[in-house]
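Next come the chains, spelled out residue by residue.
2 protein chains.
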Amino acid sequence: MSKGVISKDEDYSQWFNDLIIKSDMAEYSPVRGCMIIKPYGYSIWEKIQATLDKMFKDTGHVNAYFPLLIPKSFFSKEASHVEGFAKECAVVTHYRLKNDGDGNIIVDDEAKLEEELIIRPTSETIIWNTYRGWIQSYRDLPILVNQWANVMRWEMRTRLFLRTSEFLWQEGHTAHATAEEAIAETEQMLEVYADFAENFMALPVVRGRKTPNERFAGALDTYCIEALMQDGKALQAGTSHFLGQNFAKAFDVKFTTKENVQDYVWATSWGVSTRLIGALIMSHSDDAGLVLPPKLAPIQVVVVPIYKHDEELANITGFVNTLKKELQAKGISIKFDNRDTHRPGAKFAEYELKGVPLRVAIGSRDMQNGTVELARRDTKSKETVAQEGLASRIEALLEEIQANIYNKAAEFREANTTEVNDYEEFKRLLDEKPGFLSAHWDGTAETEQKIKDETKATIRCIPLNNKQEKGKCILTGKPSNQRVLFARAY
Amino acid sequence: MSKGVISKDEDYSQWFNDLIIKSDMAEYSPVRGCMIIKPYGYSIWEKIQATLDKMFKDTGHVNAYFPLLIPKSFFSKEASHVEGFAKECAVVTHYRLKNDGDGNIIVDDEAKLEEELIIRPTSETIIWNTYRGWIQSYRDLPILVNQWANVMRWEMRTRLFLRTSEFLWQEGHTAHATAEEAIAETEQMLEVYADFAENFMALPVVRGRKTPNERFAGALDTYCIEALMQDGKALQAGTSHFLGQNFAKAFDVKFTTKENVQDYVWATSWGVSTRLIGALIMSHSDDAGLVLPPKLAPIQVVVVPIYKHDEELANITGFVNTLKKELQAKGISIKFDNRDTHRPGAKFAEYELKGVPLRVAIGSRDMQNGTVELARRDTKSKETVAQEGLASRIEALLEEIQANIYNKAAEFREANTTEVNDYEEFKRLLDEKPGFLSAHWDGTAETEQKIKDETKATIRCIPLNNKQEKGKCILTGKPSNQRVLFARAY
Chain A
1430 MSKGVISKDE DYSQWFNDLI IKSDMAEYSP VRGCMIIKPY GYSIWEKIQA
1480 TLDKMFKDTG HVNAYFPLLI PKSFFSKEAS HVEGFAKECA VVTHYRLKND
1530 GDGNIIVDDE AKLEEELIIR PTSETIIWNT YRGWIQSYRD LPILVNQWAN
1580 VMRWEMRTRL FLRTSEFLWQ EGHTAHATAE EAIAETEQML EVYADFAENF
1630 MALPVVRGRK TPNERFAGAL DTYCIEALMQ DGKALQAGTS HFLGQNFAKA
1680 FDVKFTTKEN VQDYVWATSW GVSTRLIGAL IMSHSDDAGL VLPPKLAPIQ
1730 VVVVPIYKHD EELANITGFV NTLKKELQAK GISIKFDNRD THRPGAKFAE
1780 YELKGVPLRV AIGSRDMQNG TVELARRDTK SKETVAQEGL ASRIEALLEE
1830 IQANIYNKAA EFREANTTEV NDYEEFKRLL DEKPGFLSAH WDGTAETEQK
1880 IKDETKATIR CIPLNNKQEK GKCILTGKPS NQRVLFARAY
Chain B
1430 MSKGVISKDE DYSQWFNDLI IKSDMAEYSP VRGCMIIKPY GYSIWEKIQA
1480 TLDKMFKDTG HVNAYFPLLI PKSFFSKEAS HVEGFAKECA VVTHYRLKND
1530 GDGNIIVDDE AKLEEELIIR PTSETIIWNT YRGWIQSYRD LPILVNQWAN
1580 VMRWEMRTRL FLRTSEFLWQ EGHTAHATAE EAIAETEQML EVYADFAENF
1630 MALPVVRGRK TPNERFAGAL DTYCIEALMQ DGKALQAGTS HFLGQNFAKA
1680 FDVKFTTKEN VQDYVWATSW GVSTRLIGAL IMSHSDDAGL VLPPKLAPIQ
1730 VVVVPIYKHD EELANITGFV NTLKKELQAK GISIKFDNRD THRPGAKFAE
1780 YELKGVPLRV AIGSRDMQNG TVELARRDTK SKETVAQEGL ASRIEALLEE
1830 IQANIYNKAA EFREANTTEV NDYEEFKRLL DEKPGFLSAH WDGTAETEQK
1880 IKDETKATIR CIPLNNKQEK GKCILTGKPS NQRVLFARAY
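Protein sequences, first through last, are from chains A and B.
One rule links them: number in our numbering = place in the first sequence (from 1) + 1429.
One rule links them: number in our numbering = place in the second sequence (from 1) + 1429.
So here's chain A without its partners, still in its complex pose (with noise of 0.2 Å):
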């Protein structure tokens, strides 16, 4: 067990925050629920946001950028929006401090705003609002835009990356002229995120549709990817929402079809948060530290030289020089720890709480050998291999970390994944044996409302291609056509 972390097993939550501690990526602020992001983190965050980025342009989109705050009357013109979000939100009442007299600094009364301005919580409103200026025909459309920014809702229970007052994300806002494309849309954004959780983050997710209970504050389908933490508790690590003509509507955003007809416009909207930091050292990382898929890993291979004296670090550094130029070649990232501060072991036990993928320690020994050793994070397993072809052996261990890392995840989420045909096992292994509980529900908000009020367990999606299948609902016994996914989540 790492210096200062507790043992997941003992408490999982204090292991969360003490790993994140500890590995340089976050802390609390001054400001109630608001994060700082170490550069650790946030290197994180910019390789997140690198690939994804990426990922939206190769589909279409561009980036554009909305102001941070918005009118308050802005908030009641999509009535389930305002329910949604206007409760917990900043609010911003005057625009400037001045000195009393005496030295202390107080708000200006004299500089109160007309009306009050809020954080943006979520965008919808301020671009729908701007849209109107941009539509006027059918040739205006599609509008596919994205965002990257800084959001604020006013949580009272925080937790470092996974819920914070302040976070950072993107958040896509299109606009199309049919039902039809703004559900492609929808369906093709879950899917680039799915894509990013499973092959970056190394992290399987389930792709469903949340009930019209968890759905959006404004939108008539919510689709989402659902992912299992270690915990056995299910995190929500990306949404895709149907807004239909909503947001049009409440900002008045007409165009004029092909066929000449004045229709409101069709809208998505689909985001994904710091939020996935927290997921991803949630599912993957272990007592020792951070495991981080070799993708998404800021440093993805260390070496250490271990020596006595300077002409053998000489020697060494000559061989790493090489290795680095022949990794950096193939586009893997590389450092070299030549620091005469620390002991090799410290090292060792640092870049193991870092969670960097593969470290390569060199002594003399191995000098003389031509070998050097490898030690592998996620199963912990050292060998020693030829300096010969190491580059090539390097590349293939990182796709084979990568590839591990998701198959474990993967057998854990099945092994905690149950069919349950009765309430009473469904709430024993809840405790016991938490994870994604597989039953059938009577399709009701009253059943749904009650099962959570009795066992903190929610929906958490209807699998897309879900399989049909009779069945009586888990709590009333109505008849069910399906079987959806309930966990307690965070």
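By construction, these hints were calculated from the structure, which means they are not laboratory data.
Fair warning: there could be bad hints in the mix.
As the list makes no split between identical chains, a pair holds if one copy fits it or if it spans any two.
As the list claims (entries may be wrong) - Under the rule of at most 20 Å between Cα atoms (straight-line distance), these lysine to aspartate or glutamate pairs were calculated in the EDC-like manner:
1) K1476 / D1487
2) K1516 / D1538
3) K1764 / E1824
4) K1506 / D1537
5) K1687 / D1769
6) K1527 / E1543
7) K1541 / E1584
8) K1516 / E1545
9) K1486 / D1766
10) K1486 / E1475
11) K1783 / D1569
12) K1516 / D1537
Predicted model, so just to flag it, every value in this text is computed and none were measured.
Following the hints, put chain B in place on chain A, whose structure we already have.
Same frame as chain A, now just chain B:
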């Protein structure tokens, strides 16, 4: 003159605004002084970001993210800083809205914050408060952190890109063990900015230092790069501050030196913003639209097919696909505009307005002759050239355009920088031939202020490596050892 854009000689300020609106760069939002950066404008910001981010990383910096909201009390901790920034700022006082029962959304008075929060106008305070926890010993130094973020200053008179209440920027905040190292960092980052301005924005800049009057609130020394716009007004394009130990003292950030003594940490900060896009537009564009230097143009080459029949288009498309591959291999971005909804003439006007550096037009006769028509945006010259070797020709031309745009701006600045020795002449030139005025100044804040009050001209900077020259202050006649640069400024 482009449709809807006034001539810059007629009304420079209106021309600037028209150009931004008509070229789809940005627009004002319903929130006073905040702008919406549209996809075309944002794509230029993305190029600026990517280029600078690489330059920062190449000089050893890493990115991080600090909270948007700063406790009000933090602003009282550094005396000169509070004067500079606490005045015009957005103040968050509440964290909830509620429904008043009549369907109105109002601020919930029960959700009043104990301490008001300020939307960051700049992040020195929150960052130095954080650094206290990061720094114990000289071994923790230097810290070389940069942040890409939005900030807010409640500006009364706003102008798209140049001065908006919310803007996007980067802010570097570094911590050092010695004053010398911090000063070297300040100077290094100024040179990074100057390099970027000259070699990417094609904008010649004067490197200099601000007078005490014009320094950043809390800095011991402010370095800046100053550029001259086409209307003869100066624009500060970037600043780099040596903050001494001011913020370390305000936030009690001490460290143990190598000599085992406690000392306060030395600081720098440096930033550039979306204002650079304003500078880019103002310095190169003309009455027909934007003129973008190839290195920052989102589209470097546009190809417009001229045809009547579909088989002609197919023929042209085949050629363009090959060209595309060749250009992309050279890292050159190309757009093939084969829309059948617009005539070639309309496309020509659109790309002229958007400042695309090179336009390729290809008709059926060209296909027969093995030629294309190449049109440069900067010189508006056209030539018919062979299809053979076109990619290399384009590559060379883009370099030539980049150099030409820079040279034109450098010549303009040269022609509009005047040495003045007489105050009446100084005032006359400001009205009749505005530009940089190089004049002697007695070094006092009083004289500087008086000249500003009387002429609206400020000392833009004391150029680095300034020639030492005996002279008399232009206002007071007192002795002076060097000329400084005056101008009216944005």
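Just pull the numbers of the violated hints for me, sorted ascending. Going through the list in order, the structure violates no hint and respects every one.
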